[in-house]
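Novice: Chains as they are written, first to last, in the numbering used here: chain A, 207 to 529; chain B, 8 to 676.
No wet-lab data here; the hints were simulated from the structure.
Hints are all accurate, no fakes.
Each pair of labels, with its calculated beta carbon distance range:
hint	chain 1	residue 1	chain 2	residue 2	range
1	B	Asp611	A	Ser257	53 to 63 Å
2	B	Glu619	A	Arg499	16 to 26 Å
3	B	Ala459	A	Val483	54 to 64 Å
4	A	Gly377	B	Asp326	27 to 37 Å
5	A	Ala209	B	Leu66	51 to 61 Å
6	B	Ala602	A	Arg499	16 to 26 Å
7	A	Ala378	B	Leu270	25 to 35 Å
8	B	Arg613	A	Ser257	48 to 58 Å
9	B	Asp106	A	Ala221	48 to 58 Å
10	B	Ala602	A	Val217	50 to 60 Å
Listed next, the stretches of chain A that the computed footprint assigns to chain B, with coverage defined by at least 3 CB atoms under 8 Å from CB atoms of chain B:
hint	stretch
11	278-288
12	292-304
Part of the chain A face toward chain B, derived, beta carbon under 7 Å:
hint	residue
13	Glu268
14	Leu323
15	Gly334
16	Met341
Where is the CB? At the ideal position from N, CA and C, for every residue including glycine.
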Amino acid sequence: MSALAGLLALVLHLALLIVVAPLLTGLVRRLKARMVGRSGPPVTQAWRDLSRLLRKQPVVAEGTSWLFRAAPLVSLAASLAACALVPSFALGMATAGLSDLLVIAGLLALSRAVTALAAMDTGTAFGGIGASREMAFSTFAEPALLLVVFTLALLAGTTNLDAIVTLIGSGALGLRVSLALALAGLSAVAIAETGRVPIDNPATHLELTMVHEAMVLEYSGRYLALIELAASLRLLLWMSLLAVVFAPFGIAQSAQSTLLWLPAMAAWLVKILVLAVALAGFEATRAKMRVFRVPEFLGVALLLGLLAAIFLFVSQGFAQGLM
Amino acid sequence: MTGIALPALATLAALLLALGPLVAFAGPRIGGTGTLLLCLVGALVDLGFLLGGAAPQVLAVPIGLPGQATLLALDGISGFFALLLLLAGAAAALASLEDHGPPSPTAPALPVFLGAMAITLLAGDAFALVAGFELMSFASFVLVLTHHRDAAVRSAGLLYFGMAAIGAVSLITALALLSGHGAGFAAMRAMPPEGWRASVILFAVLIGAGSKAGLAPLHVWLPPAHAAAPSHVSALMSGAMTKVALYVLVRIVFDLCGPAQPLWWGLPLLAMGIASAVIGALRANLETDIKSILACSTVENVGLVAIGLGLGFAARAADLTALAGLAIGGALLHAMAHGLFKSLLFLCAGAIQHGAGSRLLSRLGGVIGRMPYTAGGMLLGAACLAGLPPGAGFAGEWMLFQSVISAVRLGGLGLQIVICLLAAALALATAMAASAAVRLVGVTLLGRPRSAEAAAAHEAGPPTRWAILGLGGLVLLIGLVPGGVIGLAEPALHALANAGMTERAGLLLVTPQDKVAGYAPLGIAVLLVLATLVILAVLRARAVAGHRNGPAWDCGFGAAPEWLPNGDPLTQYGGGSFAQPLRRVLGSALLGATAHVDMPEPGDTRPAVFAEQAQDPANAFLFGPAAALRARLSGFADQMQFLTVRQSLTVIFVALVAFLGLIAVLEQL
Chain A
207 MSALAGLLAL VLHLALLIVV APLLTGLVRR LKARMVGRSG PPVTQAWRDL SRLLRKQPVV
267 AEGTSWLFRA APLVSLAASL AACALVPSFA LGMATAGLSD LLVIAGLLAL SRAVTALAAM
327 DTGTAFGGIG ASREMAFSTF AEPALLLVVF TLALLAGTTN LDAIVTLIGS GALGLRVSLA
387 LALAGLSAVA IAETGRVPID NPATHLELTM VHEAMVLEYS GRYLALIELA ASLRLLLWMS
447 LLAVVFAPFG IAQSAQSTLL WLPAMAAWLV KILVLAVALA GFEATRAKMR VFRVPEFLGV
507 ALLLGLLAAI FLFVSQGFAQ GLM
Chain B
8 MTGIALPALA TLAALLLALG PLVAFAGPRI GGTGTLLLCL VGALVDLGFL LGGAAPQVLA
68 VPIGLPGQAT LLALDGISGF FALLLLLAGA AAALASLEDH GPPSPTAPAL PVFLGAMAIT
128 LLAGDAFALV AGFELMSFAS FVLVLTHHRD AAVRSAGLLY FGMAAIGAVS LITALALLSG
188 HGAGFAAMRA MPPEGWRASV ILFAVLIGAG SKAGLAPLHV WLPPAHAAAP SHVSALMSGA
248 MTKVALYVLV RIVFDLCGPA QPLWWGLPLL AMGIASAVIG ALRANLETDI KSILACSTVE
308 NVGLVAIGLG LGFAARAADL TALAGLAIGG ALLHAMAHGL FKSLLFLCAG AIQHGAGSRL
368 LSRLGGVIGR MPYTAGGMLL GAACLAGLPP GAGFAGEWML FQSVISAVRL GGLGLQIVIC
428 LLAAALALAT AMAASAAVRL VGVTLLGRPR SAEAAAAHEA GPPTRWAILG LGGLVLLIGL
488 VPGGVIGLAE PALHALANAG MTERAGLLLV TPQDKVAGYA PLGIAVLLVL ATLVILAVLR
548 ARAVAGHRNG PAWDCGFGAA PEWLPNGDPL TQYGGGSFAQ PLRRVLGSAL LGATAHVDMP
608 EPGDTRPAVF AEQAQDPANA FLFGPAAALR ARLSGFADQM QFLTVRQSLT VIFVALVAFL
668 GLIAVLEQL
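Could you put together the complete structure from these sequences and hints?
Specialist: Structure, rendered in structure tokens:
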């Protein structure tokens with residue numbers, strides 16, 4: 207029975223994520239527009255764009271290989287697989303045993319690498335510059351991310367996300383300085399990985415400032431639809447990750463009945479909504495930074511991750527000293 | 008079956024050595040085929056030995072030093088490394104059958120190289136170990152000089168020879184210090200070294216085997232030598248020879264020096280490993296020759312293996328055997344995976360060099376359509392290089408990271424902070440490796456051709472294609488079932504760490520500790536396949552099928568003109584431009600990288616020149632000063648030949664008096 211419930215939770219989780227992801231992108235755009243005094247597109251615009259793109263026949267740049275056409279598929283598949291590993295409303299999904307934080311990072315890296323390769327395949331300067339900057343940013347983001355994973359793994363004794371959320375949700379850890387520092391570090395990494403302001407501007411029209419958009423410049427039709435959906439899913443995945451790790455209240459435990467799933471979904475939606483408002487507010491008040499300032503921004507994230515781990519060592523050292 | 012494994016493998020090694028002279032008379036095709044068959048048979052025998060429990064065997068052979076039998080031995084450790092050697096050897100031998108015009112004069116050295124590596128692995132005493140190791144150095148030196156008419160090849164060969172000589176001096180010193188009570192391994196184990204002798208042995212082995220493995224700061228010979236050698240030889244050197252050197256290191260430091268050495272013995276290994284990983288990965292982003300890129304990435308991966316070994320040693324000394332098993336298991340898994348996927352990548356690089364006419368990133372591009380097998384192999388290898396799940400590279404790196412996390416139990420706050428920095432550096436190295444892999448594939452295989460030869464590239468012949476297919480299959484298998492490789496390493500783990508991974512590494516799942524969740528590559532692969540199928544089904548149901556071709560949009564730039572069908576190659580991002588962000592941010596700090604732009608004034612017809620420079624810190628801080636010191640000393644000695652007769656006689660007289668005085672003093676003591 208529990209295996210069946212786990213499978214059902216997984217299917218519901220993925221359906222929920224796929225429905226919500228474009229809405230979230232639309233919502234952030236709308237909120238941002240309102241904050242800077244424009245009316246903005248409706249929240250459902252991202253969904254309408256997707257269905258419009260599916261109806262258009264794509265134009266493929268001459269001289270590109272099969273990899274250019276396969277990349278959106280692989281990128282979306284990797285993003286979906288990563289989404290299946292990050293719980294939203296229920297723990298103990300069918301994929302709970304697989305949901306390792308390093309694997310999630312690896313799947314996101316797979317999605318990124320494939321997109322960068324497709325950008326190189328177009329043979330244009332824009333594709334190359336986008337790929338080069340995306341890979342460089344990830345080089346600076348990855349150490350900060352892994353230090354946060356390191357801290358969480360030290361607290362929970364495992365890198366399994368499901369187990370980490372269960373432990374933090376049980377309240378056994380209490381409030382910790384380390385967790386606050388890890389939250390700040392992970393938020394900075396999330397901004398870099400999802401290509402938001404101030405690292406990258408998802409709504410830019412100036413070619414020279416683009417990173418992610420420069421990589422996918424040559425895509426159209428259903429290929430672009432897959433890419434856009436993957437980008438929306440990654441944004442939702444990072445928000446969901448921040449929400450379940452650092453605000454694990456309201457999430458349905460594995461042993462609990464399926465009746466609790468509905469309030470848990472509502473709680474999750476509220477958390478995502480709060481994060482969306484925060485993101486829109488942050489983006490509306492910030493300007494994009496120069497490319498070579500990004501390492502400094504991510505260096506701060508790295509320091510936060512390092513501090514999180516060191517605070518943990520010190521507090522545990524004290525605890526051992528008292529005993 | 009298991010009882011005959013050592014005699015069978017020893018015979019195969021002897022046959023490989025004998026094949027060398029035979030090739031000189033019978034031709035390279037006989038040599039390649041014979042080597043391939045011997046390696047395949049050996050791999051099967053070795054696999055049987057490992058699956059049969061790998062009970063240690065010893066064999067005395069009546070050749071070698073006068074009056075003494077040479078001892079050969081086979082156990083789980085040497086059996087594991089021998090499997091890697093024989094698989095990589097089979098692939099290299101198959102690729103060597105490729106027809107590249109007149110037969111190479113160095114072809115006889117290939118079976119000798121393989122045989123020497125096999126002897127090193129099968130050695131049961133100091134004599135056989137040194138003989139095998141030095142023959143391996145010499146045979147690979149000959150193979151590096153295959154294209155000796157090229158000055159760059161000669162200087163790479165000279166550098167390699169110098170490093171091999173330093174390594175030999177150190178290794179022989181270490182083994183001599185160990186053989187106080189007999190040269191056999193059993194005698195050495197019975198009397199483990201203590202005190203200053205033990206420390207000298209540790210550092211001599213780190214220099215002797217570490218220089219051959221390519222551990223920083225002794226890695227400087229590796230990128231030029233691996234780039235200079237023919238590709239199937241580079242594949243063997245990167246895939247197998249660095250691992251044989253690591254085996255020698257493991258054998259002496261972990262096994263022969265006994266289990267009672269202190270915890271700090273792991274730290275030099277750890278430091279060298281992390282330096283190699285970061286410098287290798289960064290240099291892989293800056294090199295412009297595809298084989299140099301692969302060689303630098305070998306330095307990085309050897310560093311990762313050394314990190315695992317260092318952590319494992321420290322954990323074993325601290326009696327954390329479960330952690331030691333995890334760290335050493337991760338190191339062995341990564342050694343096997345890297346040995347095979349790096350061989351694959353070097354064979355692909357060789358196919359590109361022959362098919363597209365260049366190894367330089369600035370002359371390649373867009374060969375994916377014309378070289379499907381090579382491109383497939385390179386994509387697979389690069390995915391492993393980048394550490395992407397569920398590839399073969401990810402599993403080992405996952406285990407290494409897990410052991411780094413668990414390693415905080417090793418010591419106090421100071422060590423914990425060091426381990427924390429180690430985790431960040433490990434992440435930096437793997438992320439840079441991913442960037443290097445994207446750069447390698449993106450510039451070499453994708454985009455528009457940067458030269459006429461690349462535009463007319465042709466696929467490699469059947470031997471290389473089969474080698475690529477075989478290695479690719481093995482690499483896929485390791486990626487999906489890393490537990491199988493750890494199972495093969497189980498006897499080695501029991502010997503090295505006193506703890507196995509049987510309970511923690513199944514075919515489906517690898518876990519860091521008992522009863523916690525782990526890494527399940529097959530599950531991840533199933534998720535990816537299911538996601539792909541669902542997306543395809545939705546697209547089929549809802550999206551418009553087919554596509555049109557058109558010129559790239561490129562933000563409104565026009566299509567390429569008729570007379571330049573591939574566009575101007577310079578408008579495309581290349582290797583140098585791709586590396587620019589990392590070069591500016593990390594390269595300037597770690598490698599002292601500088602870029603110089605000479606831009607002429609408008610109206611001036613002088614070409615614009617962009618020049619970049621980077622220097623390896625090992626060259627800047629270790630080998631550069633050492634070479635300067637040597638030059639000063641030889642300049643000083645050089646003055647002696649310009650002395651007048653009277654001055655010469657004075658020098659001789661003073662020297663004579665000084666020696667007599669010394670003898671007189673020594674007589675008194």
